[in-house]
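Q: Residue-level listing of the chains:
There are 4 protein chains.
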Amino acid sequence: MTVRVGVIGTGAIGREHISRVENVISGGRITAVTDVNEQSAQSAVRDFNLNAAIYPDDQALVADGNIDAVFITSWGPAHESSVLLAVEAGKYVFCEKPLATTAEGCLRIIEAEKKHGRRLVQVGFMRRYDEGYAQLKETLDQNEIGNVLMVRAAHRNAAVDESYKTNMAVTETLIHEIDALHWLIHDDYHSVKVDFPRKTKHAHAELQDPQVFTLKTKQGVLINVEVFVNCRYGYDIQCEVIGEEGIARLPEVPSVIVRKQSKASTNILNDWKLRFMDAYNKELQNFFDAIEAYGQPQGPSAWDGYIAAVTADACLKAQETGEEQDVLLGEKPEFYEQKLHV
Amino acid sequence: MTVRVGVIGTGAIGREHISRVENVISGGRITAVTDVNEQSAQSAVRDFNLNAAIYPDDQALVADGNIDAVFITSWGPAHESSVLLAVEAGKYVFCEKPLATTAEGCLRIIEAEKKHGRRLVQVGFMRRYDEGYAQLKETLDQNEIGNVLMVRAAHRNAAVDESYKTNMAVTETLIHEIDALHWLIHDDYHSVKVDFPRKTKHAHAELQDPQVFTLKTKQGVLINVEVFVNCRYGYDIQCEVIGEEGIARLPEVPSVIVRKQSKASTNILNDWKLRFMDAYNKELQNFFDAIEAYGQPQGPSAWDGYIAAVTADACLKAQETGEEQDVLLGEKPEFYEQKLHV
Amino acid sequence: MTVRVGVIGTGAIGREHISRVENVISGGRITAVTDVNEQSAQSAVRDFNLNAAIYPDDQALVADGNIDAVFITSWGPAHESSVLLAVEAGKYVFCEKPLATTAEGCLRIIEAEKKHGRRLVQVGFMRRYDEGYAQLKETLDQNEIGNVLMVRAAHRNAAVDESYKTNMAVTETLIHEIDALHWLIHDDYHSVKVDFPRKTKHAHAELQDPQVFTLKTKQGVLINVEVFVNCRYGYDIQCEVIGEEGIARLPEVPSVIVRKQSKASTNILNDWKLRFMDAYNKELQNFFDAIEAYGQPQGPSAWDGYIAAVTADACLKAQETGEEQDVLLGEKPEFYEQKLHV
Amino acid sequence: MTVRVGVIGTGAIGREHISRVENVISGGRITAVTDVNEQSAQSAVRDFNLNAAIYPDDQALVADGNIDAVFITSWGPAHESSVLLAVEAGKYVFCEKPLATTAEGCLRIIEAEKKHGRRLVQVGFMRRYDEGYAQLKETLDQNEIGNVLMVRAAHRNAAVDESYKTNMAVTETLIHEIDALHWLIHDDYHSVKVDFPRKTKHAHAELQDPQVFTLKTKQGVLINVEVFVNCRYGYDIQCEVIGEEGIARLPEVPSVIVRKQSKASTNILNDWKLRFMDAYNKELQNFFDAIEAYGQPQGPSAWDGYIAAVTADACLKAQETGEEQDVLLGEKPEFYEQKLHV
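Residue numbers (this note's numbering), protein chains in the order written: chain A, 3 to 344; chain B, 3 to 344; chain C, 3 to 344; chain D, 3 to 344.
This is chain A alone, in the form it adopts within the complex:
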């Protein structure tokens, strides 16, 4: 079976996913596209040589009987309504973060999905598909280091542009740790606070950089995440989990080791896209494979999207108030507890 995909949003990330489906992975095909900018949709069809219908909007695209799944790669504020349209039409949905810009929006999607009676939605949190995170999770799941007590993580970018403001450390950056860490340790967030260290001279006026977030979980795990988006030296994702019996740490990105001029050195990536390239490929491959094997996606769910939204809101409030904030999550519906193996 080949999953027929309609793409809503043919900007940068939409085009990358199109290229992935057409040129890199197996099991899917792009059969429809739409974009608020019609020329962008046309370019995508032409550039990737697609045999795909071009629709004026998401509503028209979703109505196409010739698609099984929808990729939502438009801008964030448009996600919720597209997801709801697709779910109502019974289409599978792969939606880039955020699932919705508000926790309420996520709940509306959850309700729609529950009404449909089967999971349809996967959120684009690709870290879970990274080989390093997968190894780290396996180490924890096999109880190699005992109960988790602390997590120390860092998310560093070489630089960001002027449009990146203090709050985006949460919505664009920390959001990936928010999803990956609760998944990694099977725990829920309880509270969050933020510290602002001395600011780097490389950050512009409206950006506090770096920032350090301290999250506590319901089990009492203390999670410390440094977000530093003008670290200059490269794109670097670090994660160390401290357990009762030992410690486990994310592997470094493999690099040739060069000895030269009194230094032994390895390369650090600059481009974040390269860091998770394989993970992007695997998340979409897994999306297709799970649809074929189980008739529903197995990746990050609408509930994970909701967790991310609620936690990000608490982080933003912590940034504004300087105070510790509770992360007030509802009860996880039974609906999202089922586990299928992929």
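Honestly, the hints are just simulated from the structure, not real lab data.
Do not take every clue at face value.
A pair holds if it fits inside one copy or across any two, identical chains being indistinguishable in the list.
Stated by the list, open to error - As a list, the in silico EDC-like pairs of lysine to aspartate or glutamate whose alpha-carbon atoms are at most 20 Å apart:
| hint | residue 1 | residue 2 |
| --- | --- | --- |
| 1 | Lys319 | Glu254 |
| 2 | Lys195 | Glu325 |
| 3 | Lys116 | Asp197 |
| 4 | Lys201 | Asp189 |
| 5 | Lys167 | Glu246 |
| 6 | Lys203 | Asp163 |
| 7 | Lys284 | Glu133 |
| 8 | Lys195 | Glu174 |
| 9 | Lys116 | Asp189 |
| 10 | Lys167 | Glu322 |
| 11 | Lys201 | Glu242 |
| 12 | Lys167 | Glu24 |
| 13 | Lys265 | Asp66 |
| 14 | Lys265 | Glu140 |
| 15 | Lys284 | Glu18 |
| 16 | Lys275 | Glu133 |
| 17 | Lys284 | Glu24 |
| 18 | Lys203 | Glu146 |
| 19 | Lys201 | Glu246 |
| 20 | Lys195 | Glu326 |
| 21 | Lys203 | Glu164 |
| 22 | Lys275 | Glu24 |
| 23 | Lys195 | Glu113 |
| 24 | Lys116 | Glu333 |
| 25 | Lys220 | Asp189 |
Using the hints provided, position chains B, C and D relative to the given structure of chain A.
A: Just chains B, C and D now, kept in the frame of chain A:
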């Protein structure tokens, strides 16, 4: 365009390539299969849900107008005749090692391909597609470490079974280094000798293990390759290149770092298939991509297959005689000098 | 010149320093000892074959015209009075931590030393003499990574005994980071708070373990120190400094790398004494060398002892109250600003 | 007890050992010096503030009843006669390499020492006192990796001056591996050959650089040592031992890890003296300690000096002839089999 592939040989490696094309990579489709064991061919079609014709032999399969390319994954002695059939029929060929069991056989294929006037054949030396080797090659090609003076490599397997004899250290194991290293350093082999260190107690009577091969190139580069196939601790491929200005080394396979019980440790693979999984995927993806982009493959050529055959013969003779042996290569035909970018 | 040393306190650490002076380093000689337990003093003289007077108490020992310097290795509460006696007598003092159990006590010592008109006192903060810390400091001092923004450190012991309570995480453990980190980054502490993560099951009832201390400096540097004294896996000291242009990290303790049974592993020390063995040797060697070269010690001063006391007090209060506490340091006296090179 | 030392040869290395004894280690004192250049001897006394007699030659110095041991740090050709004088006078001897410039010379020393009836002589092979080699040896001695099958070593210097010729790769450089490796694996050399790889452009006309030595032991262990003395990038000593059950490797020199400008890097030493600084200190400390504890030195013996001489001769002949050469060692005298623990 989708490359339609006929598979000759549906044993273990044939099935893996079928799975790759159908379930993992893009741009190809299996449309025909054959095997000396017809039931094996039928199983492959059934297990992978192929929409593919089953042929009684390679001749019949090659004659199918419905295929663009042939995968040759039968046993070694059968390769040459299948390749020649396919080349004569103007089909693209992806042939697992060895291209032919003799240097003469390789030359016959080269002649046939030259007669056809365009490259058709790619040999399955997957190391070139490994991310680590690619980085190492880029380091050398960018002249990061100056002229190459020496190479130190090791090829270690945890264990081999009883059928693996002393000569197979060349034909099954060193053969990968033979291809990868001349490609890596843009040089040709001039001579080879072998040393037999103290034998491990874990090797059976008919296997000398470990063995150390010393190859000299036309430029004078000294290459030292340890082949140790009962090293017990895992599958481990090492390669260090010593240049006039510095040294470059293959990265380790990335692994979670665990601190536990007074040790900091990383995992070493045991299964060789996992080590080059990505490389296998990339070599076939590249085979399809190059056919689409240039109408000819860009990977290891029939000439590379010939180099491997001649060098392996010299290595076998060095094993038998205990003496240094010359590697007598003919002149590289102009035909194989052309370079296309993929 | 040979520095003649009187030792006050011949318990475990006193004996180690005696052995160091007599058997490992140069420039000193033990000429007098005392201990509250006279038999302990006699054993030391006998076991190390000392040509040394045995005194009934510190007062008598300090009065000996035959000693140039005093090592104070008694229990903490006795330090202050011994230091004051020695300073009044114009003897050089090497005092193990704490210099005094209260900030006021440290100030009294400072006053006495100022009155004497020249530095006499060195406090036993040996980390500064560790090769790794020295390299890290040089990296920072040469401005390799720009202005410091954050520090992430960890102090882990395999296990502690029942006598170790929650507050000792400050007085016995964190105290080393308190001294080393302000020295490392040339900054003063401004405030401190503490978080208590999920408690390990390996800690007894009266010990919260692990603990995470967050210190802010006057320059705004955010310092995060994990103290985890039942980490099980070994004795492990980590320190990473995040700067505006890059990041620098303490080296690991060197260890043979073994590949065996599917793991590549290095050893982690269990015994903290081995970790800083060289540093202990160097701090005493440096104490003697500086006395010879400059007529005064160059290592951690009474002022550093005062900083440690004030900061430790704030940390203890943070433990008790759960609130952020200010670190209220007086102005650093001119007297301690002078720098001599060793 | 303090060992009273007479120093024969107050050049660079003599002065370093004097400084070590006087300023760094314990248990010895310089009480006499001599040098062919009398001014050099006078400078040493003055610069290090020695309370030492100055003698016109080694004969006069050895006759001094006020010395227990002799350091021989003159130029190589003078070693043998000084050692013989000292042994005849019953003095302990610490002799820098070579013990004698010929195997016969070493045998003469061995005979003299046997006649004396107790070990007196230690040769200055400091590698055995390096912490990394000590760890490696312990790993092997505890049978962590089973029987040794191969050793791969490299000895790289950043650069050498014009006076360094091809043969000095043996006498100045490989000589350290010759001693360290047979000690490490408890085995004797059987034969040696040498390969000359492509020559680096950074070597002058009379120096073949790099060179690769292949030594076989009586147990069949194959040892491969690269000597590369213009490697440009630094001073780098590598050693990997391949056993039946696993592999062990010398640790790297610890260095701060810096992440900066898209690289993670550690520093590589340039100065060989820094690499083995601690080992130099420990070898002399151990010389003094063993004299005190056992009345005889425990370090590399005259027999080890003889092994080095015989093996170096075979290596030089291998360089000249291009052929494999036997290493013809006599039987090890019972006299050198005794083991005392230090």
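Q: If a hint holds in the structure, say so; if it doesn't, say that too.
A: Evaluation of the provided hints:
1. Within a single copy, Lys319 and Glu254 get their C-alpha atoms no closer than 33 Å, and across copies no closer than 39 Å, so neither meets the 20 Å cut-off.
2. Taking the shortest alpha-carbon separations for Lys195 and Glu325, both the intra-copy value of 6 Å and the inter-copy value of 14 Å come in at or below 20 Å.
3. For the identical chains of this complex, Lys116 and Asp197 are neighbours neither inside a copy (39 Å) nor across copies (39 Å), given an alpha-carbon limit of 20 Å.
4. Taking CA atoms no more than 20 Å apart as the test, Lys201 paired with Asp189 passes between copies only; the shortest distance there is 16 Å, against 32 Å inside one copy.
5. Proximity of Lys167 and Glu246 under a CA criterion of 20 Å is satisfied inter-copy only: 18 Å between copies versus 38 Å inside one chain copy.
6. With identical chains, the CA atoms of Lys203 and Asp163 are at most 20 Å apart within one copy only, with a shortest distance of 14 Å there and 46 Å across copies.
7. When the C-alpha separation of Lys284 and Glu133 is checked against a cutoff of 20 Å, the pair qualifies both within a copy, at 10 Å, and between copies, at 17 Å.
8. For the identical chains of this complex, Lys195 and Glu174 are intra-copy neighbours only, at 18 Å inside a copy versus 29 Å across copies, given an alpha-carbon limit of 20 Å.
9. Within a single copy, Lys116 and Asp189 get their C-alpha atoms no closer than 23 Å, and across copies no closer than 56 Å, so neither meets the 20 Å cut-off.
10. Proximity of Lys167 to Glu322 under the C-alpha cut-off of 20 Å is restricted to the intra-copy arrangement: shortest distance 13 Å within a copy versus 37 Å between copies.
11. Within a single copy, Lys201 and Glu242 get their C-alpha atoms only as close as 24 Å, which misses the 20 Å cut-off; across copies the closest is 18 Å, which meets it.
12. Taking CA atoms no more than 20 Å apart as the test, Lys167 paired with Glu24 passes in neither setting, with 35 Å inside one copy and 45 Å between copies.
13. In this homomeric assembly, Lys265 and Asp66 never come within 20 Å of each other (Cα to Cα): the closest approach is 59 Å inside a single copy and 49 Å across copies.
14. Taking the shortest alpha-carbon separations for Lys265 and Glu140, only the inter-copy value of 16 Å comes in at or below 20 Å, while the best intra-copy value is 34 Å.
15. Both within a single protomer and between protomers do Lys284 and Glu18 lie at most 20 Å apart by alpha-carbon distance, with minima of 13 Å and 18 Å respectively.
16. Taking identical chains as interchangeable, the C-alpha atoms of Lys275 and Glu133 lie at most 20 Å apart whether they share a chain (15 Å) or sit on different chains (16 Å).
17. Taking the closest pair of Cα atoms, Lys284 and Glu24 come within 20 Å of each other both inside a single copy (14 Å) and across two copies (15 Å).
18. For the identical chains of this complex, Lys203 and Glu146 are inter-copy neighbours only, at 16 Å across copies versus 42 Å inside a copy, given an alpha-carbon limit of 20 Å.
19. Only between protomers do Lys201 and Glu246 lie at most 20 Å apart by alpha-carbon distance; the minimum there is 9 Å, versus 34 Å within a single protomer.
20. In this assembly of identical chains, Lys195 and Glu326 lie within 20 Å of each other by CA distance both inside one copy and across copies; the values are 4 Å within and 13 Å between.
21. Taking identical chains as interchangeable, the C-alpha atoms of Lys203 and Glu164 lie at most 20 Å apart only when both belong to the same chain, with a minimum of 14 Å there against 47 Å between chains.
22. When the C-alpha separation of Lys275 and Glu24 is checked against a cutoff of 20 Å, the pair qualifies only within one copy, where the shortest distance is 18 Å, while the shortest distance between copies is 26 Å.
23. Within a single copy, Lys195 and Glu113 get their C-alpha atoms no closer than 30 Å, and across copies no closer than 42 Å, so neither meets the 20 Å cut-off.
24. In the homo-oligomer, the alpha carbons of Lys116 and Glu333 lie at most 20 Å apart inside one protomer (14 Å), although the nearest pairing across protomers, at 65 Å, exceeds that limit.
25. Within a single copy, Lys220 and Asp189 get their C-alpha atoms as close as 7 Å, which meets the 20 Å cut-off; across copies the closest is 36 Å, which misses it.
Hint check: violations occur at hints 1, 3, 9, 12, 13, 23; the rest are consistent with the structure.
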